[in-house]
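Peer 1: Protein chains in written order, with our numbering: chain A, 28 to 181; chain B, 3 to 366; chain C, 22 to 157.
Do not take every clue at face value.
Listed below are several chain C residues computed to face chain A (Cβ distance under 10 angstroms; list not exhaustive) [as the list claims (entries may be wrong)]:
hint: 1; residue: Leu-53
hint: 2; residue: Gly-58
hint: 3; residue: Asp-63
hint: 4; residue: Thr-72
hint: 5; residue: Thr-84
hint: 6; residue: Pro-91
hint: 7; residue: Phe-95
hint: 8; residue: Gly-99
hint: 9; residue: Lys-113
hint: 10; residue: Val-125
hint: 11; residue: Leu-132
Taking lysine-lysine and the DSBU-like style, the derived pairs with C-alpha atoms no more than 35 angstroms apart in a straight line are [to be verified]:
hint: 12; chain 1: B; residue 1: Lys-222; chain 2: A; residue 2: Lys-40
hint: 13; chain 1: B; residue 1: Lys-222; chain 2: B; residue 2: Lys-325
hint: 14; chain 1: B; residue 1: Lys-229; chain 2: A; residue 2: Lys-40
If you are wondering where the hints come from, they were derived from the structure by calculation, not from laboratory data. For every residue, glycine included, the Cβ atom is placed at its ideal position computed from N, Cα and C.
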Amino acid sequence: MADAQQQQRWAQKEYAALAAQFHPRPPIWPNVCRAFLVGGGISLLGQGLITLFQALGLDITGAMTRTSLALLAVGALLTGLGVYDEVGRFGGAGAAIPITGFANSIVAPAMEYRTEGLVFGLSARLFSIAGPVITFGILGAVVAAALRWAIVGP
Amino acid sequence: MSTATVQAPPVVAAPRRLGHQTVHWDCAPAVIASASIGGPMEGAGPLGAYFDTILEDNRYGERCFEQAESKILRDAVRSAAGQAGWQLAEIDALLAGDLLNQIVSSNYAVANTPLPLLGLFSACATIAEGLIVGSSLLEAGVAARVVAAASSHHEAAERQYRYPVEFGAQRPATAQWTATAAGAIALGVPDPAATAASQTSGAATGVPRLPRLTYATIGKVVDMGIKDPYDMGTAEVPAAWDTATVHFQETGRDPAYYDLIVTGDLARIGSEIFREGMRRRGLDVSSRHVDCGVLLYRAEQDVHAGGSGAGCAASVLAGYLLKEMRAGRFRRMLFIGTGSLHNPIALQQGQNIPTIAHAVAMEA
Amino acid sequence: MSFAEGGRGKGDRSGPPSRTMTYLWAFLVGGLICAAGQLLIDVAHIPPAHTMVVMVCAGAVLTGLGLYEPLLRFAGAGASVPLTNFGFVLTKGALSGLAKGGWVGMLSGILELSGTVLAAAVLFGFAAALVFRPRS
């Protein structure tokens, strides 16, 4: 039995090696460049909004907060209009990592599970992708804050 | 353990089995009619002209994608039965399956219709499984009219198997596009005179040929360690190798016997691996191999490696392949349906993708 | 909330960088964070949803190391727009909560700064999902 399993593992390894010869390499550098451009572009838009809100008389705190809210709204709207998945297809991580991508990850599943009702459909699925982000964010924050507190002090 | 002492009754060998996995049918079950329906993207592909119906939008007038899938499956079955000249109530068994949990598309498709249903699941190989079970029912004499059908729906399948469609994730080059499509094939045993007429027919007489199902090789489940649901073609290749090799061994045929060897659906990358592996086995299929996932879309349609889904193989077979076969464009076809049998929970638990391939030989 | 916590402080004392430079740094830093994320996806083969998780944790770690606030002052939206900033505001909230009220203060502090974004995300998400249907 152990021999059969070992043989199966070898066969699987051999197959993976053969298959790899036929798999195109992902176009890593073009992908990274596009992620850079899209991510940088969204950040640039964010900076523009911050400047705009500051020009409207808000302090930097208020301006940044409103910028985040505006970008969330833009991400949600573009997802609803079916545009953001195209941005994501082009920009990859450049579309996923900005706060607009966070909005996309919330709206996309919620919209699709809307047909299963408001409670277990839409609402339960709002955070099916973003939930882990929040969970790990809080876990990470607790660990990072506790360690900093313990080592550096308040 | 009293059961251990019970003597099992002797079993009589099946007369219509060749070797371990291959069966043949003597009654000459034939494709009486076939129908296919495609979504808008499938309709815009190179096989657009072969669909009986092309949807204007993926919802097909329904409130959700899942119900749209049931409707296209129901319509494909109705259309195939209609072209065969059968009333729904005359059909002895519908052999149908799809990709959604508990094959609900098929279940809802025939709710409150007179169709007796045998639900099947072999993922993209479902239509091949349906043809095998259907022909065997005909051979056994327990049914006279059967319909095999399968469907899939892009939006309904993607959110079950992968990410929601509006989530902006990039798809790798190996990814396949679940087709929004359905195919239905009406099988029966025509009277020998009709079969004989179709043998001598062709372009000259205008009488369509009658594709007969002669052999089938039932696949084994193969797991070669692939885990990526964006690389199902690669996962399915070893199952296709296994079934194809066993088919040639047990029938004594070689690839040159067939005008066309069809897989559905290994897509572009899987097809290349498939041909290379068959070549290494001394069974070169490259000059006669096509794949449903490659045929269904144009290269510029942004489907990456090609199509997939139970409806992809079913619609390409029921539409393009069988229509061309009836027109006499080719006489002998080996259709190998290939399916990935995982579900997302098993993959999240670290399991590999188990795959299967069923082969059906058709001759006209 | 703030993304803004980092925008104040020492940076103001040394005078804000010129507007052009701020835009340039916002573009470069925002772009580089996303490029790093793309490398995680393409080279390390981490799926997109997991990459988002990694980014938030990276933000928390950088904040713990005291590096994220300077980055925010320096790059503005380039640091406040990517998800790493979510890790920053959570950690920042936890730290100020710790200072104010110990361990319990930390728990109440975590969502103090990030609450705005979370509440807005729920509202916008709910509204968008109600109004729009997935494209066919």
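Peer 1: With reference to the structure, classify each hint as holding or not holding.
Peer 2: Going through the hints against the structure:
{"no.": "1", "hint": "Leu-53", "in the structure": "holds, 7 angstroms"}
{"no.": "2", "hint": "Gly-58", "in the structure": "holds, 3 angstroms"}
{"no.": "3", "hint": "Asp-63", "in the structure": "holds, 5 angstroms"}
{"no.": "4", "hint": "Thr-72", "in the structure": "holds, 6 angstroms"}
{"no.": "5", "hint": "Thr-84", "in the structure": "holds, 6 angstroms"}
{"no.": "6", "hint": "Pro-91", "in the structure": "violated, 15 angstroms"}
{"no.": "7", "hint": "Phe-95", "in the structure": "violated, 12 angstroms"}
{"no.": "8", "hint": "Gly-99", "in the structure": "holds, 5 angstroms"}
{"no.": "9", "hint": "Lys-113", "in the structure": "holds, 8 angstroms"}
{"no.": "10", "hint": "Val-125", "in the structure": "violated, 13 angstroms"}
{"no.": "11", "hint": "Leu-132", "in the structure": "holds, 8 angstroms"}
{"no.": "12", "hint": "B:Lys-222 with A:Lys-40", "in the structure": "holds, 20 angstroms"}
{"no.": "13", "hint": "B:Lys-222 with B:Lys-325", "in the structure": "holds, 30 angstroms"}
{"no.": "14", "hint": "B:Lys-229 with A:Lys-40", "in the structure": "holds, 13 angstroms"}
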